[in-house]
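Asks: What follows is each chain in one-letter form.
2 protein chains.
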Amino acid sequence: MLLKIDRGAKTPVHRQIETETRRLIDQGALRPGEALPPSRELARRLGVNRSTVYQAYADLQAQGYLLSRPGSYNIVQARRKEAAYDPGRRGLFNWARRTTPGARAAHEANLVLAAGAASRRLHEGKFVDFASLEVDPRLYPLAEFRSVVRRVLADSGPDALRYGELKGYLPLRAGIARRLRLHGISASEDEILMTSGSQEGLDLVIRLLCPPGSRVAVEVPTYARFLPLLALNGVEPVPVPMTPAGMDLDALERVLAGSPIRFVYSIPNFHNPTGITTPHAHRERLLSICQATEIPLLEDGFEEDMKYFGKVPLPLKSIDERGVVIYLGTFSKALFSGLRIGWITADRDCIDRLAAVKRFSDLGLSPLVQMAVERFCRLGFYDLHLKRIHRVYRRRLVLTLEEMDRRMPKGITWTRPVGGYTLWVKLPRKMGAAALREHLFDHGVAATPGAEFFPGGRPSEYLRLCIARPNEDEIRTGIRRLGQALASLPA
Amino acid sequence: MLLKIDRGAKTPVHRQIETETRRLIDQGALRPGEALPPSRELARRLGVNRSTVYQAYADLQAQGYLLSRPGSYNIVQARRKEAAYDPGRRGLFNWARRTTPGARAAHEANLVLAAGAASRRLHEGKFVDFASLEVDPRLYPLAEFRSVVRRVLADSGPDALRYGELKGYLPLRAGIARRLRLHGISASEDEILMTSGSQEGLDLVIRLLCPPGSRVAVEVPTYARFLPLLALNGVEPVPVPMTPAGMDLDALERVLAGSPIRFVYSIPNFHNPTGITTPHAHRERLLSICQATEIPLLEDGFEEDMKYFGKVPLPLKSIDERGVVIYLGTFSKALFSGLRIGWITADRDCIDRLAAVKRFSDLGLSPLVQMAVERFCRLGFYDLHLKRIHRVYRRRLVLTLEEMDRRMPKGITWTRPVGGYTLWVKLPRKMGAAALREHLFDHGVAATPGAEFFPGGRPSEYLRLCIARPNEDEIRTGIRRLGQALASLPA
Chain D
1 MLLKIDRGAK TPVHRQIETE TRRLIDQGAL RPGEALPPSR ELARRLGVNR STVYQAYADL
61 QAQGYLLSRP GSYNIVQARR KEAAYDPGRR GLFNWARRTT PGARAAHEAN LVLAAGAASR
121 RLHEGKFVDF ASLEVDPRLY PLAEFRSVVR RVLADSGPDA LRYGELKGYL PLRAGIARRL
181 RLHGISASED EILMTSGSQE GLDLVIRLLC PPGSRVAVEV PTYARFLPLL ALNGVEPVPV
241 PMTPAGMDLD ALERVLAGSP IRFVYSIPNF HNPTGITTPH AHRERLLSIC QATEIPLLED
301 GFEEDMKYFG KVPLPLKSID ERGVVIYLGT FSKALFSGLR IGWITADRDC IDRLAAVKRF
361 SDLGLSPLVQ MAVERFCRLG FYDLHLKRIH RVYRRRLVLT LEEMDRRMPK GITWTRPVGG
421 YTLWVKLPRK MGAAALREHL FDHGVAATPG AEFFPGGRPS EYLRLCIARP NEDEIRTGIR
481 RLGQALASLP A
Chain H
1 MLLKIDRGAK TPVHRQIETE TRRLIDQGAL RPGEALPPSR ELARRLGVNR STVYQAYADL
61 QAQGYLLSRP GSYNIVQARR KEAAYDPGRR GLFNWARRTT PGARAAHEAN LVLAAGAASR
121 RLHEGKFVDF ASLEVDPRLY PLAEFRSVVR RVLADSGPDA LRYGELKGYL PLRAGIARRL
181 RLHGISASED EILMTSGSQE GLDLVIRLLC PPGSRVAVEV PTYARFLPLL ALNGVEPVPV
241 PMTPAGMDLD ALERVLAGSP IRFVYSIPNF HNPTGITTPH AHRERLLSIC QATEIPLLED
301 GFEEDMKYFG KVPLPLKSID ERGVVIYLGT FSKALFSGLR IGWITADRDC IDRLAAVKRF
361 SDLGLSPLVQ MAVERFCRLG FYDLHLKRIH RVYRRRLVLT LEEMDRRMPK GITWTRPVGG
421 YTLWVKLPRK MGAAALREHL FDHGVAATPG AEFFPGGRPS EYLRLCIARP NEDEIRTGIR
481 RLGQALASLP A
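As you go down the protein sequences, you meet chains D and H in turn. Take the first sequence: its position 73, counting from 1, is numbered 73 in my numbering, and each next residue is one higher. Take the second sequence: its position 227, counting from 1, is numbered 227 in my numbering, and each next residue is one higher.
These are calculated hints, taken from the structure and not from any lab test. Don't take each hint at face value.
Remember, identical chains collapse to one label, so a pair may be satisfied in a single copy or spanning two.
When the alpha-carbon atoms are kept at most 27 Å apart in a straight line, the in silico BS3-like pairs for lysine-lysine are as follows [unchecked claim]:
{"#": "1", "residue 1": "126", "residue 2": "81"}
{"#": "2", "residue 1": "10", "residue 2": "307"}
{"#": "3", "residue 1": "430", "residue 2": "387"}
{"#": "4", "residue 1": "430", "residue 2": "10"}
{"#": "5", "residue 1": "426", "residue 2": "410"}
{"#": "6", "residue 1": "387", "residue 2": "426"}
{"#": "7", "residue 1": "4", "residue 2": "410"}
{"#": "8", "residue 1": "430", "residue 2": "307"}
{"#": "9", "residue 1": "4", "residue 2": "81"}
{"#": "10", "residue 1": "311", "residue 2": "4"}
{"#": "11", "residue 1": "10", "residue 2": "387"}
{"#": "12", "residue 1": "307", "residue 2": "81"}
Remember, predicted model here, so these are calculated numbers, not experimental data.
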């Protein structure tokens with residue numbers, strides 16, 4: 001057995017002996033059944049300590065290269081080679097047919113999103129972005145957040161990096177309870193569960209309430225990422241049309257009188273995608289319907305903090321004295337999208353059960369970011385930030401509506417939201433998502449085809465315009481381009 | 001209408017008018033149908049600007065206190081009061097009967113854990129902790145991590161706080177791919193999905209592969225949080241007994257020859273809870289069985305980095321040339337438990353499908369913490385930290401085994417792990433979890449009753465001893481106390 005050992009190398013000698021021996025075995029120079037020299041002898045030959053050889057042999061034994069029977073550990077064993085990286089390996093195992101129908105639906109939906117994202121990357125830098133629904137990063141209070149994280153790290157010791165409380169960091173829950181009071185919602189800390197963004201909140205509620213094959217009443221159009229999430233969980237959406245004043249409640253009553261519905265999903269403020277905010281009377285009636293039928297109501301308050309014109313009715317949760325409403329909130333739409341910090345508030349028993357689902361699905365959130373957000377709010381930075389972005393988005397929305405009035409060709413109509421980020425634009429005719437998206441890119445503007453917000457993603461005559469990202473100059477340019485694009489829709 | 005307005009107060013006057021009017025309506029002093037004074041008149045009476053009254057009326061209208069018909073906005077409306085906080089409200093709505101069987105199972109399991117945690121809090125500060133499976137926080141490289149987070153925040157701009165890539169932060173995935181090569185695993189960045197700890201990895205794999213009512217082959221005993229996670233997903237564990245050399249492979253072959261199994265779950269290194277590390281030959285045979293039956297193998301490498309004595313066989317994934325193995329890793333067991341950063345590596349197609357499940361279940365991880373971990377590893381801090389804790393845990397494990405030899409009463413046996421944190425102690429007779437836990441607390445020591453690691457949680461004759469938390473002094477004290485406790489087990 002010829003081993004090349006380099007004493008000057010950084011690799012320890014025992015590792016060199018091990019690697020070289022493996023190479024000889026893998027290449028067939030040493031064959032199964034052959035004996036290696038006893039460790040004492042090899043040590044003498046190589047001029048190394050016997051324990052060095054001993055460790056190399058022990059490692060080879062652990063890896064199955066040498067027989068592991070005591071006293072005879074120096075017999076070469078037949079063993080599999082390590083699998084090399086081989087992209088051609090892909091597809092040897094058929095995963096598609098092993099996955100659940102829900103996972104397949106999620107995969108299909110993800111491929112559609114990936115195609116959209118790929119097209120977007122292709123046009124990067126060449127369009128005004130009315131598609132993204134995240135606060136303009138140019139408005140991020142970065143310096144304040146940095147200082148807060150620094151202080152949390154300095155003050156917190158190891159606790160910021162250990163498992164936290166299951167429901168979330170208690171002072172943050174207390175702070176959220178205080179903020180919820182501003183929106184008329186009374187909740188204790190124990191009635192709040194912190195989640196990984198409100199998307200996880202949606203998932204937890206579905207996993208709590210909906211066995212596969214069950215049904216959920218959904219405004220149509222609705223939040224685009226909710227529909228594949230239902231499909232992932234094997235749950236069927238039962239559509240309830242949106243009217244200019246919100247979910248059609250007569251239609252809802254008919255739906256609820258039909259086959260069992262596990263919960264009703266609604267976005268009463270700045271509805272995604274239509275931008276509609278329902279009046280108080282609509283909220284009272286929706287709540288009464290859910291209370292009378294004893295069907296839980298999932299209220300998505302994803303933009304509760306974006307009431308920059310005032311004059312917005314309070315959440316349904318604020319008048320929910322029977323505890324039928326599960327309310328979702330998030331910091332993703334007014335602060336940073338990538339924090340992944342949202343929350344659910346509902347009756348204590350409901351929250352306890354949601355927390356149990358979260359316990360086993362991911363053991364709970366990291367405390368570090370929660371601590372930072374808590375301090376950020378406590379020091380008043382969040383309120384200051386809201387004040388600042390409210391001023392900005394008030395101007396952006398007013399400007400957008402003015403520019404729409406000026407620039408849209410005849411036959412195009414749109415909603416006039418009272419806050420939030422989205423307008424719902426009605427085109428003269430239906431178009432498929434990809435064709436509409438590409439047509440807009442060709443005119444230097446990005447927006448979200450309405451098809452994404454309807455079950456099945458069929459061609460739609462709508463377009464979602466989102467004013468989160470572009471500044472005033474970009475809005476002027478973008479709406480002008482949009483006007484040109486919509487004046488020349490392909491037949 | 002008598003309104004008390006305080007011009008010196010911090011609350012804006014329009015808010016005061018609004019609040020006072022609401023109070024009068026809620027108290028019945030103003031009744032539905034009554035007219036409020038026109039805004040001009042009230043402004044004059046109160047000596048305030050008319051726009052102030054106008055804003056108050058508009059807000060009251062939005063909240064449903066005033067009729068919202070244009071021109072007649074000053075008629076009081078019947079509306080629900082805001083729901084006050086009322087803990088007695090709890091239970092008005094019966095959540096238990098609305099939840100899925102899986103969610104109920106998770107809730108039951110969580111109640112058991114909560115009872116254990118409550119008992120633990122009661123004895124806080126009075127026991128040596130052989131229960132926790134997280135790195136001793138006294139060994140945390142806090143200064144290094146703080147400096148890394150600071151630098152990430154300083155360098156990264158808004159990107160650390162925006163939505164990141166779906167599969168996770170690319171440089172971190174590249175870094176993990178490099179680390180995996182140390183363990184013999186070849187994977188590209190695209191074959192890695194970052195997860196919220198390995199717990200979410202387990203959940204994603206179950207959601208990908210297991211429709212409700214399906215079955216999974218599981219080592220018994222096994223990781224305690226895996227069983228309720230299966231129950232949450234409506235999946236049944238099919239037990240395969242552990243032998244001193246790992247999962248009983250003859251039993252596994254019989255199980256796989258029976259009704260369909262969606263995947264096999266195994267922890268080959270430092271098995272939780274038994275501490276057993278399987279030999280290479282066992283791994284080859286387990287892999288061959290899964291390849292022959294075409295059943296995916298989920299390999300949980302939760303303590304791959306805790307090979308502090310060397311001499312541990314490489315992961316099954318390292319010899320998986322057909323791509324049947326899904327491998328889970330995590331930073332929770334060698335670095336910080338609360339980071340919630342784990343990963344899955346598998347064939348590209350499998351990873352793409354898992355990423356789709358993650359897309360819709362929580363939109364992906366926060367980039368901030370991933371960026372910090374990536375830099376922590378890149379600057380060599382992780383390797384330094386491993387070197388340091390390896391030295392510490394080598395000593396702790398040697399000491400623990402010595403002390404066990406000295407202190408355990410006759411009739412007690414235990415496993416002798418070659419790394420990791422856990423020993424599996426066999427008692428002379430079976431005991432229920434609560435009784436055993438309390439008996440140990442009474443003797444000033446905490447450990448995890450074996451019952452937690454078996455489906456159904458029935459009384460067991462085992463105890464898991466975990467050496468992650470106590471230092472050498474505490475180990476000496478703790479093992480002495482454990483000896484006393486086990487010498488006096490209640491009949």
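Asks: Against this structure, judge whether each hint is valid.
Replies: To see whether the hints hold, each was checked on the structure:
For a Cα distance limit of 27 Å, the shortest separation of residue 126 from residue 81 qualifies neither inside one copy, at 50 Å, nor across copies, at 51 Å. In this assembly of identical chains, the alpha carbons of residue 10 and residue 307 lie at most 27 Å apart only when taken from different copies (21 Å versus 62 Å within one copy). For a Cα distance limit of 27 Å, the shortest separation of residue 430 from residue 387 qualifies neither inside one copy, at 39 Å, nor across copies, at 63 Å. Taking identical chains as interchangeable, the C-alpha atoms of residue 430 and residue 10 are never at most 27 Å apart, the minima being 67 Å within one chain and 52 Å between chains.
For a Cα distance limit of 27 Å, the shortest separation of residue 426 from residue 410 inside one copy, 11 Å, qualifies, whereas the shortest one across copies, 82 Å, does not. Proximity of residue 387 and residue 426 under a CA criterion of 27 Å is satisfied in neither setting, with 32 Å inside one chain copy and 63 Å between copies. Taking the shortest Cα distances, residue 4 and residue 410 never come within 27 Å of each other, neither inside one copy (82 Å) nor across copies (51 Å). Proximity of residue 430 to residue 307 under the C-alpha cut-off of 27 Å is found in neither arrangement, the shortest distances being 32 Å within a copy and 61 Å between copies.
In this homomeric assembly, residue 4 and residue 81 come within 27 Å of each other (Cα to Cα) only inside a single copy, at 21 Å, whereas the closest approach across copies is 85 Å. Proximity of residue 311 to residue 4 under the C-alpha cut-off of 27 Å is restricted to the inter-copy arrangement: shortest distance 22 Å between copies versus 80 Å within a copy. Taking the closest pair of Cα atoms, residue 10 and residue 387 come within 27 Å of each other only across two copies (16 Å); inside a single copy the shortest separation is 58 Å, beyond that limit. Taking identical chains as interchangeable, the C-alpha atoms of residue 307 and residue 81 lie at most 27 Å apart only when they sit on different chains, with a minimum of 21 Å there against 62 Å within one chain.
Going through the hint list in order, the structure does not satisfy hints 1, 3, 4, 6, 7, 8.
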